[in-house]
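Just so you know, the sequences run in chain order A and B. Counting with my numbering, you get residues 1 to 162 for the letters of the first sequence. Counting with my numbering, you get residues 1001 to 1162 for the letters of the second sequence.
Calculated directly from the structure, the hints in this document are not laboratory data. Just so it is clear, CB atoms sit at the ideal spot from N, CA and C, and this is done for glycine as well. One should not assume that every hint holds.
To give an idea of the chain A side of the interface with chain B (calculated C-beta under 7 Å), a few residues [what the hints assert, rightly or not]:
no. : residue
1   : Y40
2   : T41
3   : G43
4   : V57
5   : R92
6   : I93
7   : R122
8   : I126
9   : T160
Derived contacts from chain A toward chain B, CB cut-off under 7 Å, selection only [to be verified]:
no. : residue
10  : F27
11  : N30
12  : L32
13  : V146
14  : F147
15  : V150
The following label-pair restraints were derived from C-beta to C-beta distances [to be verified]:
no. : chain 1 : residue 1 : chain 2 : residue 2 : range
16  : B       : N1158     : A       : D148      : 32 to 38 Å
17  : A       : P159      : B       : K1145     : 36 to 42 Å
18  : A       : S127      : B       : E1016     : 21 to 27 Å
19  : A       : S71       : B       : L1075     : 27 to 33 Å
20  : B       : S1143     : A       : K6        : 26 to 32 Å
21  : A       : R72       : B       : E1144     : 29 to 35 Å
Protein chains: 2
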Amino acid sequence: MSNNIKIFGERNSVEEVEEGDFLAPKFDANGLIPVVTTDYTSGELLMHGYMNEDAFVKAIETGEAVYYSRSRKVLWHKGATSGLVQKIKEFRIDDDQDCVWLRVEVVGNASCHVGYRSCFYRSVNISEGIEGDAPISLNYEESEKVFDPVEVYGDAPNPTQL
Amino acid sequence: MSNNIKIFGERNSVEEVEEGDFLAPKFDANGLIPVVTTDYTSGELLMHGYMNEDAFVKAIETGEAVYYSRSRKVLWHKGATSGLVQKIKEFRIDDDQDCVWLRVEVVGNASCHVGYRSCFYRSVNISEGIEGDAPISLNYEESEKVFDPVEVYGDAPNPTQL
């Protein structure tokens, strides 16, 4: 049992989890909980990540977004390399307490390792439908990068996995 | 290989995935991709769910949110029971194409099975920090339910799992 368990309530009943007044998060079989991070002012979705219990506690302790990097398998204090720290203005939990919503202010106004403001810089042309046999195309919703990733991250391995 | 594979591009290189013009989504080991759903007008986070490939294609075909229910293990056309259909105004994909962002208009203005507008109706009192040995408390961010879940769902099993 974790040292931190005391700050989490019990998950004894659906009613307690959904309508109770205490934090009782559920981490999945890999010990992770998904995290949705939006810009506090604009509401824009910036990124989607994961926390393990350590990251969860660290985020509450520091008031800054801390994730668990699945590709690097380490605790990931967002902005430690890039300086693009996410200050938590509001920390929400969903009905069954298996997902976190962070509303943040971002130092430097960018959250995507590719250099864009949001990781979700492309939209899907859903109007094309799924007829035909060509891949569905994407539109760029951000016209330019906020920063140059080579300058910021240098030779660090790209987290994107094929 | 799936029948739908033709509408998806190849994931041959990081550059292609991150900066290419074609949809090439990555489904995880369970065949799922996480989905973040926000209100098109207010920007509020409504819910976090998952799609399998069938749900993904169905959502593009119909222009309405379709998820895969992990608890019920079925394709889940949101609103089929409750009438609270989510019309997709914008369908975005993230940098490494392993997460979807749906910007939707919700018929009936509620997306949470508990009866609230958003599943994220409670915030965590992070100012309490992690000292002490009592569970961290939650604040309600929505003052009342939009609908009565008993009236809408009747005896259907609650999807929340302990």
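Tested hints:
{"no.": "1", "hint": "Y40", "in the structure": "violated, 11 Å"}
{"no.": "2", "hint": "T41", "in the structure": "violated, 10 Å"}
{"no.": "3", "hint": "G43", "in the structure": "holds, 3 Å"}
{"no.": "4", "hint": "V57", "in the structure": "holds, 6 Å"}
{"no.": "5", "hint": "R92", "in the structure": "holds, 4 Å"}
{"no.": "6", "hint": "I93", "in the structure": "holds, 6 Å"}
{"no.": "7", "hint": "R122", "in the structure": "holds, 6 Å"}
{"no.": "8", "hint": "I126", "in the structure": "holds, 5 Å"}
{"no.": "9", "hint": "T160", "in the structure": "holds, 4 Å"}
{"no.": "10", "hint": "F27", "in the structure": "violated, 13 Å"}
{"no.": "11", "hint": "N30", "in the structure": "violated, 10 Å"}
{"no.": "12", "hint": "L32", "in the structure": "violated, 11 Å"}
{"no.": "13", "hint": "V146", "in the structure": "violated, 13 Å"}
{"no.": "14", "hint": "F147", "in the structure": "violated, 14 Å"}
{"no.": "15", "hint": "V150", "in the structure": "violated, 13 Å"}
{"no.": "16", "hint": "B:N1158 to A:D148: 32 to 38 Å", "in the structure": "violated, 49 Å"}
{"no.": "17", "hint": "A:P159 to B:K1145: 36 to 42 Å", "in the structure": "holds, 40 Å"}
{"no.": "18", "hint": "A:S127 to B:E1016: 21 to 27 Å", "in the structure": "holds, 23 Å"}
{"no.": "19", "hint": "A:S71 to B:L1075: 27 to 33 Å", "in the structure": "holds, 30 Å"}
{"no.": "20", "hint": "B:S1143 to A:K6: 26 to 32 Å", "in the structure": "holds, 30 Å"}
{"no.": "21", "hint": "A:R72 to B:E1144: 29 to 35 Å", "in the structure": "violated, 43 Å"}
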